[in-house]
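There are 2 protein chains.
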Amino acid sequence: MSEPLFEKIALIGIGLIGSSIAINIRERGLARHVAISTRSEATLKRAEELRLGTSYALDPAEAVRDADLVILSVPVGASGAVAKAIALALKPGAVVSDVGSVKGSVVAAMRPHLPDHVNFVPAHPIAGTEQSGPDAGFLELFENRWTILTPVESASEKAVADLAELWRACGARVETMTAEHHDLVLAIVSHVPHLIAYNIVGTAADLETVTQQEVIKFSASGFRDFTRIAASDPTMWRDIFLNNKDAVLEILGRFSEDLASLQRAIRWSDGDALFDLFTRTRAIRRSIVEAGQDTAEPNFGRRPPRKDPWNEPGE
Amino acid sequence: MSEPLFEKIALIGIGLIGSSIAINIRERGLARHVAISTRSEATLKRAEELRLGTSYALDPAEAVRDADLVILSVPVGASGAVAKAIALALKPGAVVSDVGSVKGSVVAAMRPHLPDHVNFVPAHPIAGTEQSGPDAGFLELFENRWTILTPVESASEKAVADLAELWRACGARVETMTAEHHDLVLAIVSHVPHLIAYNIVGTAADLETVTQQEVIKFSASGFRDFTRIAASDPTMWRDIFLNNKDAVLEILGRFSEDLASLQRAIRWSDGDALFDLFTRTRAIRRSIVEAGQDTAEPNFGRRPPRKDPWNEPGE
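Protein chains in written order, with the working numbering: chain E, 700 to 1014; chain X, 700 to 1014.
What the hints contain is simulated information worked out from the structure, not anything from laboratory work. Every value quoted in this text rests on a predicted model; they were computed, and no experiment measured them. All C-beta atoms in this analysis are idealised placements derived from N, C-alpha and C, irrespective of residue type, glycine included. One thing to keep in mind: the hints can contain errors.
Claimed, not checked - One side of the interface only, derived from the structure: several residues of chain X facing chain E at Cβ under 10 Å:
id, residue
1, 715
2, 755
3, 892
4, 893
5, 902
6, 912
7, 932
8, 948
9, 953
10, 954
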C-alpha cells in the first residue's frame, strides 16, 4: 500500500452509504485501519462478514479512538446523540464528518458536543439508491456524483482539503457551500420530489374506484418511477423531513401554488399554458443529460422485467 | 411468410408507438401490406427510409383503402379529424383502432364519423419512453406490457379477438375494460404522475434562491427521475390532460388533499405519520417488482453517466 490518505478512519453506521465508503477505502487503499461501529449487533456482524473494516465495535467511542477521520453515516436524527457519545474519545486534530442529507440541523445537533480541538466538516454525498443496509453498498456509488462540503468556519483548510481528497478518491466531484444553501438546494432537487413521490403512491393506494391490484398491474407508465423513489428508507426520510422543515415547507408552498395554476389550466382547457410548461421542462431534462447527471438512454436504459407467471396474457 | 394475421394494415401516424407497431409487423410477419400515412412530408419520408411500411401516403384516406385493420397513432386531440378524413374510404368489416392514452374522449370524437359497417375497437398499449418520432420505435417496446382494449358494444367478437391477437403477437398482455374505467385507472397510474413531474420541474426552474444551474448540477437525487417523465412529448400530453379532464381533476383533488395532510405532519413534526406512510409505499414498490412491472435492480439498473468534460472535480 502506498501512503494512504488517512492512517485510521472510523465509520459510525454502516448502511448503504457507510458500506459504500468502506468498500472504496478497502479497494482503493485510502486508510490503513478502518474501525466500524453500528448500533445493531446483527449489522455489525454482517459488516465483519463482508470484510468492510479492520476492527468492529458496538461502542462508537471505542471505534473513534486514534482515528484521523470519523464519518457518521446514521439517520440525521441520530447525529447529535452519536456526537455526544464519541466526543471525549476524539483524537485532537481529527476530522469529524457525516453524510447526512440535511446540514443545518446536523451542525446544530452535533456542534455543541464536539471539542474545539477537532475539525468539523459536515458533508453530503448526493448519491444513493432505494436500497439500504450493509449489503447494499458498492464501489461505484459515488462515481461522477457530487459531494457537498459545508465546513464550519473553525475547521482548518487542511482538514477540508483532506476530506475533499477522500471524496475525489471515491470518484466524486466536490463542491463547498453553506449549510443553509445546501438545505435549500436539496429541498428542491431531492426532498420535495421524494415527498410528492411518497404522496402520490399513498393517494393511489387509498382510492376506492381503482383497486390496488390495478394500480400495481398498470403501473408501467410513470407511476412505477415514483414507487422506486417512494421505496426509500422510511427512517432516513422521516428524519430528513423533520430536520429540513423550513426549506421543505417553503418549496412545497411553491409547488402547490404552481400545481393549483396547472389545475386551473386543465379545468379551463388552456392548452397553450400546458404546452408551454411541457416544452420548458423538456429542455431541462436535456440539460441534465448534457451535464452528465443522467443517462440519455430511453427509460433509463432499463431492461424489460422478466415475464411473471401469475398473470399471463389473456387473463 | 406463413398466413399473416391481417392482409393489410394501415398505420396513421408514425411516432414512437406507430413505428414500434410497424417494426413488430415487419419483423414478425403480421401483415402482408402495411400502408403508412402521416401529416408531415419529412416524417413520411423518414418512415420510408426506415422501411417501416410497404406503401406511403400523405392522404390517410388513401392509406386505409382495402385495409383490414386501421390503427391511429396520433395525439388524441387529432383523432376526430382523422376519423372524419378516413371514414368514406374504410373497407366494410375493417377493424378500426387507435393507441390513445385517453379512451372516453377518443370514442366520443371518432365514433360519430365512423360508418356502421366497421368494428371500432379503441386500444391503449401502456408502453412508451420519453422519446418520440419514427426513429424512436423499437421491437421490444410492448414486451410484457399491458394493452387495454375498450371495444364499443357494436364491435364483433372476432374483431376484438383479432386485435388482441395482434397485440399479443407484439409481446403485450391484453385486458378489456370500459373506456370510463380505463380513463380513471390511467389518471392515477400515468396522467397525474406526469402532471406532478411536469409541475415540480417547472417549480424548480422558477426559483430565485437556487439557480437553474444548481438544479441541473445536483439533480441526481430524485429530481432527475422526474425530469425524464417531464421530457415526454408536449403535444401528446397537452391533449391527454385536455381530454381526460374529469378523471385528472378528481385524482388531483385527492393528491392535493393528501399532500396538505403530509405538509401538516411535517409542520407539526409528526414523525409517526411520516414513517407510517413511507413504510406503506415501500410495500407497494415491492408488489410492482413482484408483478414483473419493473426491474428490481437499484436505480433501475442504470449505469453511471459518462464523465463530462466541462465540470471536472475541483471546479
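Right, here's what the structure says about each hint:
1. Checking residue 715 of chain X against chain E: minimum C-beta separation of about 9 Å stays under 10 Å; hint holds.
2. A hinted interface residue such as residue 755 of chain X counts as satisfied when its beta carbon comes closer than 10 Å to some beta carbon of chain E; here the least separation is about 26 Å, so the hint is violated.
3. Annotation: interface hint on residue 892 of chain X holds; nearest CB of chain E at approximately 4 Å, less than 10 Å.
4. Taking 10 Å as the C-beta contact cut-off toward chain E, the hint placing residue 893 of chain X at the interface holds, the least distance being around 5 Å.
5. Because the beta carbon of residue 902 of chain X sits about 5 Å from the nearest beta carbon in chain E, less than 10 Å, this interface hint is met.
6. For residue 912 of chain X, the interface hint holds, the least distance from its beta-carbon to any beta-carbon of chain E being 9 Å, beneath 10 Å.
7. Checking residue 932 of chain X against chain E by beta carbon gives a least distance of about 8 Å; that is within 10 Å, so the hint holds.
8. The interface hint given for residue 948 of chain X is met, as the beta carbon of that residue sits about 6 Å from the closest beta carbon of chain E, less than 10 Å.
9. Satisfaction of the interface hint for residue 953 of chain X is found here, the shortest Cβ-Cβ separation to chain E being roughly 5 Å, below the 10 Å cut-off.
10. For residue 954 of chain X, the suggested interface contact is upheld, since its CB lies about 5 Å from the closest CB of chain E, less than 10 Å.
In summary, the structure is inconsistent with hint 2 from the numbered list given earlier, while agreeing with all the others.
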